[in-house]
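Enquirer: Chains as they are written, first to last, in the numbering used here: chain A, -3 to 536; chain B, 117 to 229.
Simulated from the structure, these hints should not be mistaken for laboratory data. Predicted model, so just to flag it, every value in this text is computed and none were measured. Every residue gets a Cβ at the ideal spot worked out from N, C-alpha and C, and that includes glycine. Where hints are given, some of them may not hold.
Said to hold, decoys possible - If you want the footprint, here are the derived chain B segments under chain A, 3+ residues with CB under 8 Å:
| # | segment |
| --- | --- |
| 1 | 140 to 153 |
| 2 | 184 to 197 |
| 3 | 214 to 222 |
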Amino acid sequence: MNDPVHSLALMPIVLPLVSAAILLAIGDKRRWLRSLVNILATLAGLAIAVLLLRAVDEGRIIVYLASNWAAPFGIVLVVDRLSALMLLMVGLLAAGAAVYAEAGWARAGAYFHPLFQIHLLGLNGAFLTGDLFNLFVFFEVLLAASYGLQLHGSGWTRVRSGMHYLAANLLASLMFLVGLAILYGIVGTLNMADLAQKLAAVPEHDRGLLHVGTAILAIAFLVKAAIWPLNAWLVPAYAAAAAPVAALFVLMTKMGVYALVRLWTLIYSAEAGVSAYFGSGVLVAGGLVTLAFGAFGLLASIRLERIAAASILVSSGTLLAALGLDSVALGGAALYYLASATLAGGALFLLVELAKRTSIEGGAQPALVEDVVDEDDNLDDQQLPLVGRAVPVPVAMLGLAFIACALLVAGLPPLWGFLAKLALMRAAVDAAAGVPIAAWSLVVLLLLSSLFATATLVRAGIRHFWSKGGRIAPRIKAAESIAVVFLLLACVLLTVFAEPALRYADRTAASLQAPQAYVDAVLGSRARLGQIEDLPAVAP
Amino acid sequence: MEVLLALAIGVLAASGVWLILRPRTFQVVMGLTLLSYAVNLFIFSTGSLVIDRPPILREGLPPTLEHYTDPLPQSLVLTAIVIGFATTALFLVVLMASRGLSGTDHVDGDPDP
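Make a model of the complete structure from these sequences and hints.
Expert: This is how it looks when you write it as structure tokens:
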């Protein structure tokens, strides 16, 4: 416990908590200070995530015993490869969203910054905790903040979709509690590592109840992961939310997937005897249906924000199906895809608002056009020459960013999305020997979703960029372009350094297949013995 | 006692589910509240039902579950009550906002279903 890395494991929780408290205390008059604190705290979170990732990359698992209580009795925070990867995703996306919000959304209502930090606190905590009930608490923390963020900016569409979102998630939370209570009733522990260890000892007549309990628990996670048919709340809520909030919400579906995978690989690993891989059929089938639903949703969507929301469904479905098929190669590819889908989805949500500005004449300035019209020129609708017209810089920048985003989301070369989909399909073909129908459906649906995504994004691109002929240059603030470029740059970097990233994802998947190391690390950490001081005598 | 508690939980949960499926926001809130009562009682019952055995250690009694009730479900239920209360309050705020914006208490804002 003397290692400073152990204390670092607590920082992703403490840092947003403290910054949220500080942000609450800063008054309205010093808005710039609030923005500064918010961005700095988010960037510091990103730095901590990078440090943790480097620390666990060698294969060690960092365990932090809260209040120095040993594993099954106290709450533990665990950083392994999967948690560190998710923390990094939170850091990257949150940094982008925080910078973007400063362009205007942060001032659209009260308490944006504290809610933002509390949301990060909930996300980080859920990725770190090794205790089931603590996971519930962090879920609620992040949901409570997300209700506020979703309504940020107010308006009827937000309130209406927010109410549905709230009701769906409250119900999911109740399911979570029921499942958790059943598990506790049977196994007598809520520490995930302890659960994994004690599961083999569950008597035969309790097996059915155990399966029911975990299935109810899984439903709670699947609602968050937006599996079909539990995802009706997602598209309206995400499409209505303010741009930086929607970008941040991309992480929430990934958290559902994370919680599911974490618990499932721990509890129903190959060592679980008769219960091994319980429910994998449901996961695969649900994932495939969600993938198909999302793919057709993509094609059916006209509005850009709905396209972005449908792409979230596609990525959720892909992840669930790929992880449910349970092969190391497929798992690694799925985690690599998770990183790409998270960042690309976030960037797309940020771009949505900017791209829509090309259609609003009031929010834009006319581009400078030479007024000399030759007889021979091709003329557009308003009798202005089409040839030789300079494309305004914001339109060029937006167009390029949109193309990059479309390539990432659709999974076309040369960017990261393509590599991830290629890895997924290769692994799926390899896995086809064991489960031919599921694996081949995954391949077909992946190709289909790519095609649909390309079609719908091209259509949207033509409508927003080409049909206007670049005449209207949207006003884009520096913060907005920095945020989008930052996220896309991260994607490009991960394309360039694909090999180490893919290797990391493969190692993560391999460690998920062998959960014993996680169990040993958690249950093996001993509380640190301190000096026992003589208690002061109590005065009579 | 087990049967009585099971019946109570069942009635609460069934009424809650029925109310949640109703079209009025207030009914949905009541449904969620009833469901959370049911869930809280359910969590409480996982610690097995006993009378006259507090979860506080006493001198002279060996610390096994034969002499005490399990303290963990009680602490879980306490946390769940607090969180459920807070989220219901949040839901009420959204409900009021929706009522104010749409002028109706229908969950989809339909004026006169």
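Enquirer: Hint by hint, say whether it matches the structure.
Expert: These are the hints, each one checked on the structure:
1. 140 to 153: As far as the segment 140 to 153 of chain B goes, the hint holds, because 5 residues have Cβ atoms under 8 Å from chain A.
2. 184 to 197: holds (count 5)
3. 214 to 222: Contact hint for the segment 214 to 222 of chain B vs chain A: holds, 3 residues under 8 Å.
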